[in-house]
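Undergrad: Sequence:
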Amino acid sequence: MNTRWVLLNDAGGVERVLSPAGANKFTRDRDLSIGCIGYRRKLAGSLSFVKDDYAYFLTFETKPNKRCKEFTVRFQIYCDAKWHNFWDGTFSTGSGTWDRASCRFDVRPDAKDKYSCIIKALNKKVNVLQVAPVDASAVIVPSLDFAVCRPGLPIESTCPGIFDVDGTTPINEYETAHTQFVDYDCGAGTSTYDLTIYWREKQTTFCVAGAPVAPVGAGWVLLEDNCAIDGTSVYVRNSTIPWTFGDATITFSDSTTPVPPNDSCAWTYLGMVDINEAVDPFCIGFYNHAWICLASGDPVEYSRARPLMDALEYQLSQTGCAYAGVSSDFFEHNPIGDAQGYEHGINYVTGEANEVNNLILLQNSDAVDPSASNPATIGELTLKDTLFMLLNYFRVFWDIDQNNNLRLEHWKYWSFPVGLDLAEYPDTVEHLTYSHLNSDIPRYERVKTQHALNMDFEGADVIYSGPCVTSQDGSDLKEYNIGPFMTDLSMVISDPDAIDLKGFVMLATSYNGSVYNTLLKQGALSGNFVTNAPVSTANVQANYWSWDRFLPSGNLNRQDVTFDAYIPNIEQKGVSVPMCCAIVKFKATDRVVSRLTGLVGSNAFVQREEFDASNGRATYTLRYPY
Numbered sequence: 006m007n008t009r010w011v012l013l014n015d016a017g018g019v020e021r022v023l024s025p026a027g028a029n030k031f032t033r034d035r036d037l038s039i040g041c042i043g044y045r046r047k048l049a050g051s052l053s054f055v056k057d058d059y060a061y062f063l064t065f066e067t068k069p070n071k072r073c074k075e076f077t078v079r080f081q082i083y084c085d086a087k088w089h090n091f092w093d094g095t096f097s098t099g100s101g102t103w104d105r106a107s108c109r110f111d112v113r114p115d116a117k118d119k120y121s122c123i124i125k126a127l128n129k130k131v132n133v134l135q136v137a138p139v140d141a142s143a144v145i146v147p148s149l150d151f152a153v154c155r156p157g158l159p160i161e162s163t164c165p166g167i168f169d170v171d172g173t174t175p176i177n178e179y180e181t182a183h184t185q186f187v188d189y190d191c192g193a194g195t196s197t198y199d200l201t202i203y204w205r206e207k208q209t210t211f212c213v214a215g216a217p218v219a220p221v222g223a224g225w226v227l228l229e230d231n232c233a234i235d236g237t238s239v240y241v242r243n244s245t246i247p248w249t250f251g252d253a254t255i256t257f258s259d260s261t262t263p264v265p266p267n268d269s270c271a272w273t274y275l276g277m278v279d280i281n282e283a284v285d286p287f288c289i290g291f292y293n294h295a296w297i298c299l300a301s302g303d304p305v306e307y308s309r310a311r312p313l314m315d316a317l318e319y320q321l322s323q324t325g326c327a328y329a330g331v332s333s334d335f336f337e338h339n340p341i342g343d344a345q346g347y348e349h350g351i352n353y354v355t356g357e358a359n360e361v362n363n364l365i366l367l368q369n370s371d372a373v374d375p376s377a378s379n380p381a382t383i384g385e386l387t388l389k390d391t392l393f394m395l396l397n398y399f400r401v402f403w404d405i406d407q408n409n410n411l412r413l414e415h416w417k418y419w420s421f422p423v424g425l426d427l428a429e430y431p432d433t434v435e436h437l438t439y440s441h442l443n444s445d446i447p448r449y450e451r452v453k454t455q456h457a458l459n460m461d462f463e464g465a466d467v468i469y470s471g472p473c474v475t476s477q478d479g480s481d482l483k484e485y486n487i488g489p490f491m492t493d494l495s496m497v498i499s500d501p502d503a504i505d506l507k508g509f510v511m512l513a514t515s516y517n518g519s520v521y522n523t524l525l526k527q528g529a530l531s532g533n534f535v536t537n538a539p540v541s542t543a544n545v546q547a548n549y550w551s552w553d554r555f556l557p558s559g560n561l562n563r564q565d566v567t568f569d570a571y572i573p574n575i576e577q578k579g580v581s582v583p584m585c586c587a588i589v590k591f592k593a594t595d596r597v598v599s600r601l602t603g604l605v606g607s608n609a610f611v612q613r614e615e616f617d618a619s620n621g622r623a624t625y626t627l628r629y630p631y
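Using the working numbering, the first residue of the sequence shown is number 6, and each one after it goes up by one.
Where hints are given, some of them may not hold.
Stated by the list, open to error - Capping the alpha-carbon separation at 20 Å, the derived lysine-lysine pairs in PhoX-like fashion look like this:
1) 30 to 47
2) 453 to 507
3) 74 to 117
4) 453 to 389
5) 590 to 30
6) 507 to 130
7) 47 to 592
8) 389 to 125
9) 592 to 129
10) 117 to 30
11) 592 to 117
12) 47 to 71
13) 119 to 578
14) 30 to 526
15) 129 to 119
16) 117 to 590
What the hints assert, rightly or not - Cβ-Cβ distance ranges computed for the label pairs, FRET-style:
17) 376 to 443: 46 to 56 Å
18) 563 to 346: 24 to 34 Å
19) 408 to 323: 35 to 45 Å
20) 227 to 502: 49 to 59 Å
21) 592 to 483: 25 to 35 Å
22) 587 to 348: 30 to 40 Å
23) 166 to 323: 51 to 61 Å
24) 429 to 339: 30 to 40 Å
In short, the hints are calculated from the structure, not lab data. Even for Gly, the Cβ is constructed at its ideal location relative to N, Cα and C.
Work the whole structure out from these sequences, hints included.
TA: Quick look at the structure:
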């Protein structure tokens, strides 16, 4: 197979053919640690220029104003009666090593491909507050615990655990939240009474070293120490928000089983009042159930939010790279619509209503004080900050697509067809030897956000067990840090002094055409209705973390689960194939069918490709799902 090196001119044409020494080995792999799902070729060594090539580059080296001129070199392979572009690289005469005595210039060019520009710009700080602000709102609801009482009836029967022994003073941080008049008709007669609603904040935390750990903030009182039972503790305190929900809605029933009033709201159950024989003899056997719609509370208004995808578009524009823009079926931002199961308004991972298609950002100081006379004007993020958060939180990876878009999609999207069947190459060298990468399999996976108070936002470790996980002390934890981002908006309101003002709060919202309204849903761990729950750690893991785990099963959100898919942890090295045009054109993202495929039961992923033009062979390191 014929090959050559050429130097390109400014127009992209061939300036001259080069003859460097030691320049015939390349590698191809991908760096999933930065979220890039695509593969990049890299030159395995340096180019060594002598004779005429040396003399050519020396004319630039001897002129100080030309030493930083960028040269582009290209390695080509002759395939299908034409030169096939295999690899481009850039360098300057000021980036190598000169041996003037031996007339030799050594340099290792940087790869020049569709990823080069964005990778060089990953650490550039960009003030995303230059993006046009939008209006947002949120009904702030901490983790609340309720009880209801009917004055005039025996305290022990209607309000157990709320009052002291005298039945006069609320205990365990309960306090009066709201009182209202109730008028009901059980069919045999009508009755009225005053209903009192009590409430408190209630947080369950994970114990550390067998001891309870109080939530962040003031006023917490230990209610339950369950460290020896399930590794948790329960704390309570007075509510940090006012009652803004109006009167509770009362349902009247002959059953102790509560039924929500209707399906117009995600109703929160407050408690039950037992109809007392002495007071209401005509209503014996009936019950009043009290409900509130948390979403009906007075919202906090924000006028300085930024849509996350708009911020990312702005970050990309500030790189100076000629990318077209950002596209994502997962986030429904400029969607292509080619994700399996894609439907407008439906998340193709969960198959349910998309809760991440209207993500917005609040600079932390604007979240703490939304009506401040001096709003935040600087909120810097690097592209790496944003892409790492999308990777470590939502399991979203990126690539540069055929339309030159930064394509953002969940791991589930990146499934590729078989592109290489080794049985078609009789000269393949494949040893049926493989290793289990148990040293790469952690016992625990943990998400770290900037701040979290509620259990759902703190999240629980993903836990693996058995002999396949690593057992080395200190290396059994894999942490996913989402950097300067948090999602626990209730904590911002209830404990503002604990908040680093330089970060960002990310909110999951619905957009009504003018205002982004923060979603209020059930937390996957607590079961309580929580402000911004769709982007709490527990909910994010429940919805999006089942597709690239280390083993087929594990413990997620404190429940044993079987995952939908898992990353390849069986490694086979040294699979060698003779180079031909088909191998040159093979996309490393495609899957490989090998002899080992039939033994382990799955097609292989390319972990690494090594190409040696001197012997005309490509050597692969392959990995198979467990």
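Undergrad: Quickly compare the C-alpha distance for residue 117 and residue 30 to 20 Å and report which way the hint goes.
TA: Between residue 117 and residue 30 the Cα gap is close to 16 Å, so the pair holds against 20 Å.
Undergrad: Does residue 71 sit within 20 Å of residue 47, going by the straight-line distance between their CA atoms?
TA: Violated - the C-alpha atoms of residue 71 and residue 47 are around 26 Å apart, more than 20 Å.
Undergrad: For the pair residue 429 and residue 339, does the Cβ-Cβ distance stay inside 30 to 40 Å?
TA: Because 39 Å falls inside the window, the suggested range holds.
Undergrad: Is the hinted pair residue 590 and residue 30 satisfied, with a Cα-Cα distance of at most 20 Å?
TA: Holds: residue 590 and residue 30 sit about 17 Å apart, inside 20 Å.
Undergrad: Take the C-alpha atoms of residue 74 and residue 117, compute the straight-line distance between them, and say whether it is at most 20 Å.
TA: holds (15 Å)
Undergrad: Has the given pair, residue 30 with residue 526, been kept, meaning a C-alpha gap of at most 20 Å?
TA: With a Cα-Cα distance of about 54 Å, the restraint between residue 30 and residue 526 is violated, given a limit of 20 Å.
Undergrad: Does residue 117 pair with residue 590 here, judged by a C-alpha cut-off of 20 Å?
TA: The hint holds at about 18 Å.
Undergrad: Does residue 129 pair with residue 119 here, judged by a C-alpha cut-off of 20 Å?
TA: This hinted pair holds, its Cα atoms lying about 18 Å apart.
Undergrad: Is it true that the C-beta distance of residue 227 to residue 502 lies inside 49 to 59 Å, as the hint says?
TA: violated (22 Å)
Undergrad: Straight-line Cα separation of residue 592 and residue 117 no greater than 20 Å?
TA: OK: residue 592 and residue 117 at ~18 Å, within 20 Å.
Undergrad: What's the verdict on residue 592 and residue 129, does the C-alpha distance respect the 20 Å limit or exceed it?
TA: violated (30 Å)
Undergrad: Could you grab the alpha-carbon distance between residue 507 and residue 130 and see if it respects the 20 Å cut-off?
TA: Holds - the C-alpha atoms of residue 130 and residue 507 are around 13 Å apart, at most 20 Å.
Violation of the numbered hints given earlier is confined to hints 9, 12, 13, 14, 19, 20; the remaining hints are satisfied by the structure.
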